[in-house]
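Guided by the hints, dock chain B onto chain A, whose structure is given.
2 protein chains.
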Amino acid sequence: MKSKDVPTEGPALATTKASSVVMVNTGEGKGKSTAAFGTAMRAVARGWKVCVIQFVKSGKWKVGEEKAAVSLGIEWLTIGDGFTWDSKNMDRTEAIARHAWTVSKEKIRSGDYGLVVLDEITYPMNWGWIPTAEVVDVIKNRPPSVNIIATGRDAPAELVELADTVTEMRKTKHAFDRGVRAIRGIDF
Amino acid sequence: MKSKDVPTEGPALATTKASSVVMVNTGEGKGKSTAAFGTAMRAVARGWKVCVIQFVKSGKWKVGEEKAAVSLGIEWLTIGDGFTWDSKNMDRTEAIARHAWTVSKEKIRSGDYGLVVLDEITYPMNWGWIPTAEVVDVIKNRPPSVNIIATGRDAPAELVELADTVTEMRKTKHAFDRGVRAIRGIDF
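Chains as they are written, first to last, in the numbering used here: chain A, 284 to 471; chain B, 284 to 471.
Honestly, I wouldn't trust all of these hints.
Each pair may be met inside one copy or between any two copies, as identical chains are not told apart.
With a straight-line Cα cutoff of 25 Å, these simulated PhoX-like cross-link-like pairs (lysine-lysine) come out [as the list claims (entries may be wrong)]: (1) Lys300 with Lys332; (2) Lys300 with Lys456; (3) Lys423 with Lys332; (4) Lys332 with Lys350; (5) Lys423 with Lys388; (6) Lys423 with Lys300; (7) Lys456 with Lys423; (8) Lys454 with Lys300; (9) Lys332 with Lys388; (10) Lys390 with Lys332; (11) Lys423 with Lys454.
Rather than coming from a laboratory, the hints here were simulated on the basis of the structure. Owing to the predicted nature of the structure, the values given are computational and were not obtained by experimental measurement.
Just chain A, with the same shape it has in the complex (with noise of 0.2 Å):
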């Protein structure tokens, strides 16, 4: 591209004012859930109340993202019980992802928050630890102003379809297959 092409005209204008957005963050790339903590400092810079569920981290394992959004006013709940394989009782892990459930519907349904961002809640949708119709359910019955960020991998087609912005992150190429560790402070 030259010089020439440097746009002098912008996009058009948009009509329509939405009260909220439901987003869902997909794709096998990275950065999932990074944008959504991205967004959620956006969110709470504004004054909202923004509140991150995290459906597999575990609170064992405190993360960078974590203790940054907590001193921005960031509600943070690692409900998760982290990565399944690490898990010694699938049972418990299946449970406490239901509980994490059943507290992201509460902070929803409040109407009290913003945003409510669904950590890769994907995953355990997936798994058909919960059930994909009631999150649609909830999602689409919530507040009016209550925007929602859904993030993790293969989302399912009923929340692709009920959601207003979709994002594939797509992996191009990634340290990771070559072998590279995840670095503290970039990764996680």
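For chain B alone, kept in the frame of chain A given last:
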């Protein structure tokens, strides 16, 4: 997927320890910059010095993420001149983008930062305002501890080639396409 498909084995253990990585968030979809900001949040929480340089957004447009980032201790430089279609003097807009790159070079080469985010740098690169070969050279020869995230649509091939991790944010759907206006707190 059924409960029996719950993964019980983790991925292969990585063996290589990289002192830093280069990440590129590109594509037409939402989340390129917010994923970079989410990672910046993570990095600053680990005690790193972090700098975000915005190549397109101007200081006139104070956005939520800037306020939150600054309160976390992230250095946030909005050197851009705003959207090109709002420019009243394209030579000035170009000079400002070049200046943003001069500042970025200093920040990267200083070795003081654990993470430097070059937000929306692909646009001035693609418009021929900043030499791609130089950007690639500076990143390639950076101090080994400096991680880099570059964002923007149409990432130049040389930048993709150099990067360790490249994610294409693909738009499955976007509320804007239905004429929904940007929401303060979500989109800016």
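Broken hints, numbered, in rising order?
-> The structure conflicts with no hint, since it agrees with every one listed earlier.
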